[in-house]
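Please work from the sequences and hints to get the whole structure.
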Amino acid sequence: MQAAKDMEKVLDVSISQIAEEYPLPPSPPQYPLISKRFLRRHGRDLFACATSWLLVDIVFYSSNLFQSKIYHQYIDGNGHDQTMNAFEEAFKVARHQAIFAICSTIPGYFVTVFFIDRIGRVAIQALGFFFMGVIYLALGVPYSYKWSKHTNFGFMFLYALTFFFANFGPNTTTFIVPAELFPARFRSTCHGISGAFGKVGAIIGTVAFLWASQEDNKKDKAVNATGVTIALLILGGVCFMGFAITYFFTRETMGRSLEENEKEDDSDALCFLRCLTKSSLRTNSPRNNNEVAVNADAP
Numbered sequence: 001m002q003a004a005k006d007m008e009k010v011l012d013v014s015i016s017q018i019a020e021e022y023p024l025p026p027s028p029p030q031y032p033l034i035s036k037r038f039l040r041r042h043g044r045d046l047f048a049c050a051t052s053w054l055l056v057d058i059v060f061y062s063s064n065l066f067q068s069k070i071y072h073q074y075i076d077g078n079g080h081d082q083t084m085n086a087f088e089e090a091f092k093v094a095r096h097q098a099i100f101a102i103c104s105t106i107p108g109y110f111v112t113v114f115f116i117d118r119i120g121r122v123a124i125q126a127l128g129f130f131f132m133g134v135i136y137l138a139l140g141v142p143y144s145y146k147w148s149k150h151t152n153f154g155f156m157f158l159y160a161l162t163f164f165f166a167n168f169g170p171n172t173t174t175f176i177v178p179a180e181l182f183p184a185r186f187r188s189t190c191h192g193i194s195g196a197f198g199k200v201g202a203i204i205g206t207v208a209f210l211w212a213s214q215e216d217n218k219k220d221k222a223v224n225a226t227g228v229t230i231a232l233l234i235l236g237g238v239c240f241m242g243f244a245i246t247y248f249f250t251r252e253t254m255g256r257s258l259e260e261n262e263k264e265d266d267s268d269a270l271c272f273l274r275c276l277t278k279s280s281l282r283t284n285s286p287r288n289n290n291e292v293a294v295n296a297d298a299p
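Letter by letter, the sequence shown follows residues 1 to 299 in the numbering used here.
Each hint should be verified, as a subset may be incorrect.
Distance ranges between label pairs, derived from CB positions [unchecked claim]: (1) Gln30 - Arg95: 50 to 58 angstroms; (2) Gly255 - Ala98: 42 to 50 angstroms; (3) Val207 - Val141: 20 to 28 angstroms.
For the record, the hints were derived by calculation from the structure and aren't laboratory data.
Glycine included, C-beta positions come from ideal geometry on N, C-alpha and C.
Structure follows, in structure tokens:
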């Protein structure tokens, strides 16, 4: 108040008479998280983010936590070394994991950083899910009669590619999209809900893959080739489900600032499927309006 009075004395004009050069934007409508209005405006986005995070963590954690179960024959060379103690096995598993990280996991992150603002978040996530699904099918279909009986580095190469496309794909974008897609007042909550679904997926993937990849009648919990085959095929199916969720329901946030994302769509009937609507391009976006104005002025 004192600052306003001082300004009035200096300018010799009442502050209330000074019109703002740029009026403040209208405040977004206020409504709670649990409401029909939130469900209509952001229900699809929350469903897409949470489900994608759930599915990718089912795949990623089940593969990452049980690498020794998947390529057990590569650890001891012939798969029958019973003299190897826990420390030796842990060292060899860590060595394989380090090789995988250097050759596939870390490069996947750098490729994502390079392409994320060139082809978009949705394209990267969809491609990652799709190629992971194809690779898991290529590993699972011939596993019982080929991969489980032969020390073949082709299996290792394909398996490493799953980690590359996980990071050049949904394992990276599922963190980014919820942070850009929702309004500020819901952003942290919706990101937390999506992350919680991801942890549920991690539990499902860990428990289910452990159950499927071992035989009950063996005390040493040796790997069951049939169980691993089924598990790999299921993981491939989960990846294709993630591809479908990404393609049909996830909206693109590339090329839009957080301020533009704050401008909510006021239409009463939002199409639920992304592939049948262009709702990812907000018509009230300043950037889109400028493009329309430029095109209209062009001869």
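Comparing the hints with the structure gives:
The supplied range of 50 to 58 angstroms is met by Gln30 and Arg95, whose beta-carbon atoms lie about 55 angstroms from each other. The hinted window of 42 to 50 angstroms between Gly255 and Ala98 is violated, with their beta carbons roughly 37 angstroms apart. Taken as a hint, the range 20 to 28 angstroms holds for the pair Val207 and Val141, whose Cβ atoms sit roughly 24 angstroms apart.
Violated hint: 2 only; the structure is consistent with all others.
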